[in-house]
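Enquirer: Okay, here's what each chain looks like letter by letter:
There are 2 protein chains.
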Amino acid sequence: MQNFRFMSPTDFIFGKDTELQVGTEIQKYGKKVLFHYGGGHIKKNGLYDRIITSMDDSGIEYIELGGVKANPDVGLVREGIEICREEQVDFILAAGGGSVIDSAKAIAMGVSYERDVWDFFEGEAEIPEALPVGVILTIPATGSEASNTTVVTNSAEGHLKRAVSSDLLKPVFSIMNPELTYSLPAYQTAAGGVDIMSHVLERYFTLEPDCGFTDRLCEATLRTVIQCLPNVLKNPNDYAARAELMWTGTIAHNGILGVGRIEDWGSHMLGHEISALYDLTHGATLSIIIPQWMEYVYQTDLTRFVKYAVNVWQVEEDFYHPERTALEGMKRTKEYFRSVGMPVSLSEAGIGAEGIEEMAEKCTKYGAVGGFMKLEKEDCMTIYKNAR
Amino acid sequence: MQNFRFMSPTDFIFGKDTELQVGTEIQKYGKKVLFHYGGGHIKKNGLYDRIITSMDDSGIEYIELGGVKANPDVGLVREGIEICREEQVDFILAAGGGSVIDSAKAIAMGVSYERDVWDFFEGEAEIPEALPVGVILTIPATGSEASNTTVVTNSAEGHLKRAVSSDLLKPVFSIMNPELTYSLPAYQTAAGGVDIMSHVLERYFTLEPDCGFTDRLCEATLRTVIQCLPNVLKNPNDYAARAELMWTGTIAHNGILGVGRIEDWGSHMLGHEISALYDLTHGATLSIIIPQWMEYVYQTDLTRFVKYAVNVWQVEEDFYHPERTALEGMKRTKEYFRSVGMPVSLSEAGIGAEGIEEMAEKCTKYGAVGGFMKLEKEDCMTIYKNAR
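Sequence lines, in order, name chains A and B.
In this note's numbering, each number is its position in the first sequence, counted from 1, plus 298.
In this note's numbering, each number is its position in the second sequence, counted from 1, plus 298.
If you are wondering where the hints come from, they were derived from the structure by calculation, not from laboratory data.
Mixed in with the good hints, there may be bad ones.
When the alpha-carbon atoms are kept at most 27 Å apart in a straight line, the in silico DSS-like pairs for lysine-lysine are as follows [claimed, not checked]: (1) K326/A / K326/B; (2) K314/A / K341/A; (3) K342/A / K330/A; (4) K329/B / K605/A; (5) K663/B / K605/B; (6) K532/B / K314/B; (7) K663/A / K683/A; (8) K326/B / K605/A; (9) K632/B / K532/A; (10) K632/B / K675/B; (11) K314/B / K326/B; (12) K663/B / K629/B.
Label-pair ranges, simulated between beta-carbon atoms [claimed, not checked]: (13) A484/A / E615/B: 30 to 38 Å; (14) E593/B / G639/A: 42 to 50 Å; (15) G639/B / K629/A: 43 to 51 Å; (16) G344/B / N533/A: 54 to 62 Å; (17) E633/A / D347/B: 55 to 63 Å; (18) P483/A / T598/B: 40 to 48 Å; (19) R622/B / H619/A: 29 to 37 Å; (20) I560/B / G650/A: 50 to 58 Å; (21) G421/B / P483/A: 29 to 37 Å; (22) R622/A / T598/B: 55 to 63 Å; (23) R622/B / N533/A: 33 to 41 Å; (24) P307/B / P483/A: 33 to 41 Å; (25) I560/B / A454/A: 50 to 58 Å.
C-beta: ideal position from N, C-alpha, C; glycine also.
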């Protein structure tokens with residue numbers, strides 16, 4: 299086990315009706331709020347009204363900025379930063395899924411920075427401070443309600459999709475009511491489930507052998523998603539299954555599953571380029587890439603893929619033919635993604651081969667990617683090609 | 299799953315040589331430190347000198363208060379409070395195991411309280427504020443490096459052992475170097491392992507059925523302790539196993555394994571009375587009580603005990619005779635405690651039956667104990683008697 303630091307300062311407020319507390323929670327941190335959200339979904343399902351009422355009851359002043367789209371763009375982030383400066387906002391409330399939260403985090407870190415916020419995403423500046431961000435989560439997926447990361451797209455300057463991490467970006471609170479996820483469309487629910495699994499897999503696949511405890515915690519998280527996701531697709535209003543799924547999303551990405559090891563993140567880098575170029579849902583890029591990534595890298599540490607097959611997918615171990623066991627685990631991964639309605643090839647997502655070189659080029663712009671196996675541009679091209 | 303709140307704000311700094319950072323970590327929170335520790339162990343193994351050097355290098359002023367004993371007493375806590383007031387201490391550093399940390403937490407909450415600190419333990423006052431506490435952990439066991447709880451004994455006023463919980467008591471940082479545990483005697487290592495397991499078991503045994511994710515995380519933690527503890531007893535300098543064991547102690551008690559459910563804690567209440575009356579090591583009281591507690595309560599929810607047997611102890615499930623499966627899991631628990639050198643009866647710990655009524659009386663002083671099954675005085679007496 300390698301040396302590590304771990305801290306999860308976010309106050310998770312989980313369960314039925316918890317969104318009604320948002321006003322009193324905000325009072326602990328600020329007085330003037332940028333209320334940030336996406337499209338009309340929260341207005342249709344009544345969440346918007348409940349938030350407004352709670353803030354009014356607590357005497358919180360707020361300015362609204364809706365319109366965040368999937369793969370949130372730096373354009374709206376810049377707009378949010380301007381508003382916060384002009385209106386002297388001291389708190390940002392993000393009500394939505396990962397896109398809204400990531401957009402809010404990017405605004406939060408840009409307000410006190412004199413130059414352009416995109417500098418942070420290009421690695422040209424360190425984050426000095428950030429406004430506190432509070433979350434009301436409506437989509438279990440990205441784990442952004444717990445993570446120190448924001449992922450933003452710059453569509454005007456070449457379809458770049460980049461991530462920035464800093465502990466200053468961890469939300470001060472995250473309100474999580476599983477009932478708010480009842481109305482999620484099946485596709486979005488499944489894409490979220492794949493995203494959650496991917497956050498565990500990016501950590502599980504490591505070259506560090508002596509971290510059996512965290513491996514077990516990863517396996518427990520994966521098995522829970524694997525069990526709950528089909529249940530919620532069948533019964534969207536199954537509270538217990540929705541609640542389990544929502545909480546796995548947080549644990550998958552608050553850092554606890556990555557302690558003491560080098561994580562991978564190659565699949566995310568590969569997937570981000572697909573989203574940037576084709577605006578495909580994040581979870582769909584992962585259901586396409588992960589099976590191909592596995593096939594490409596598994597010989598780097600066959601033992602780990604055997605362990606994955608046995609402990610996560612309950613594959614009966616073929617002790618004399620470990621590769622067969624490993625391949626069976628990989629096969630089940632792909633079949634599972636397909637079974638929950640997610641694409642497992644670029645063509646299934648309506649994407650051709652013409653962008654492959656461009657994506658591989660951008661993916662490795664800052665060097666090889668991936669902690670489990672370093673992927674150069676050629677490796678990325680092969681994985682993309684195998685995913686056609 | 300029930301509604302819950304979860305937050306783990308402690309900064310865990312884990313790994314080799316991490317104690318050398320203590321001075322720079324303290325600088326973030328205070329300038330004048332009460333350096334609190336136990337007996338001479340940290341002086342013998344060089345930790346004391348490394349801490350002093352690090353604080354000196356960082357320009358930290360400090361006053362020492364050593365002498366904390368197992369089952370820390372409120373007498374020394376009162377002394378620490380006086381020192382902090384007189385010397386205007388603004389930070390407490392606890393270097394040791396759970397007793398030292400608990401003593402430090404009790405001092406931290408008593409400094410600004412005008413009356414006697416024992417009031418908090420009698421439930422006669424709420425904790426208004428507390429000095430920040432930092433930890434250098436030397437014994438993986440109580441989880442106090444992560445928990446919001448302090449357990450203190452009042453030996454002068456009737457051998458009372460009481461716990462107080464408040465989020466204000468969570469340490470601001472906990473430095474955890476597994477190498478510092480190499481020199482722990484086997485008995486203390488094993489007692490610590492039992493304590494860690496008990497913190498998971500107190501949460502695992504719940505009447506809440508819909509919390510499969512957290513159940514899996516509990517099972518993962520238990521299996522890790524079960525595997526690692528014999529390894530470290532055999533090879534005290536096995537870094538990987540010491541590290542795993544140390545980290546299970548934190549996860550077992552930082553709250554993450556108890557979300558969404560009513561926890562039990564009956565065994566702890568029963569065990570505390572044994573410690574208070576006979577000054578027996580906490581872990582030894584648990585290895586005695588837990589098997590008897592299980593036998594006494596398992597029919598309350600047989601299914602959960604079957605799950606425990608199968609998922610934790612890999613008992614082959616006897617589908618037509620679930621009780622046999624459950625009993626086998628309980629049997630293995632007891633055998634395991636014995637196999638790591640811990641007592642499984644009062645007589646093995648040199649304790650007779652004469653204190654049973656007194657212990658049962660004190661244990662239920664504030665009413666029945668236990669969330670899985672409510673134990674009245676008569677129930678406690680039976681469990682103590684069965685443990686003779």
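Enquirer: Work down the list of hints and note, for each, if the structure agrees.
Expert: Here is how each hint holds up against the structure:
The suggested pairing of K326/A with K326/B holds, with an alpha-carbon distance near 22 Å, which does not exceed 27 Å. Under the criterion of a C-alpha separation no larger than 27 Å, the hint pairing K314/A with K341/A is consistent with the structure, at around 19 Å. For the hint linking K342/A to K330/A, the alpha-carbon distance of about 25 Å falls within 27 Å, and the restraint holds. Between K329/B and K605/A the CA atoms are separated by roughly 49 Å; this puts the pair beyond 27 Å, and the hint is violated.
With a C-alpha separation of about 33 Å, the suggested pairing of K663/B with K605/B is violated against the 27 Å cut-off. The straight-line distance between the Cα atoms of K532/B and K314/B is roughly 21 Å, inside the 27 Å bound, and the hint therefore holds. A distance of roughly 19 Å separates the Cα atoms of K663/A and K683/A; the hinted pair therefore holds under the 27 Å criterion. Distance hint between K326/B and K605/A is unfulfilled; the C-alpha atoms sit about 42 Å from each other, more than 27 Å.
About 42 Å separates the Cα atoms of K632/B and K532/A, which puts this hinted pair outside 27 Å; it is violated. At most 27 Å may separate the alpha-carbon atoms for a hinted pair to count; K632/B and K675/B meet this at roughly 24 Å. Only pairs whose Cα atoms come within 27 Å are accepted, and K314/B paired with K326/B is accepted, the gap being roughly 22 Å. Straight-line distance between C-alpha atoms of K663/B and K629/B comes to about 31 Å, which puts the hinted pair past the 27 Å bound.
The hinted window of 30 to 38 Å between A484/A and E615/B holds, with their beta carbons roughly 34 Å apart. Remark: the range hint 42 to 50 Å for E593/B to G639/A is upheld by a beta-carbon distance near 48 Å. A beta carbon spacing of about 46 Å between G639/B and K629/A agrees with the range 43 to 51 Å that was offered as a hint. In this structure the hint that G344/B and N533/A lie 54 to 62 Å apart at CB holds, the actual value being about 60 Å.
Separated by about 59 Å at the C-beta atoms, E633/A and D347/B satisfy the suggested range of 55 to 63 Å. The hinted window of 40 to 48 Å between P483/A and T598/B holds, with their beta carbons roughly 42 Å apart. A C-beta distance of roughly 36 Å is found between R622/B and H619/A, which places it inside the suggested range of 29 to 37 Å. About 55 Å separates the C-beta atoms of I560/B and G650/A, a value consistent with the hinted range of 50 to 58 Å.
Roughly 50 Å separates the CB atoms of G421/B and P483/A, a value that falls outside the hinted 29 to 37 Å. A beta carbon spacing of about 44 Å between R622/A and T598/B contradicts the range 55 to 63 Å that was offered as a hint. Checking the proposed 33 to 41 Å range against R622/B and N533/A shows it holds: the Cβ atoms sit about 34 Å from each other. A C-beta distance of roughly 36 Å is found between P307/B and P483/A, which places it inside the suggested range of 33 to 41 Å.
The hint said 50 to 58 Å for the Cβ distance between I560/B and A454/A, and at roughly 53 Å that hint holds.
The structure does not agree with the numbered hints 4, 5, 8, 9, 12, 21 and 22 stated previously, though it agrees with the rest.
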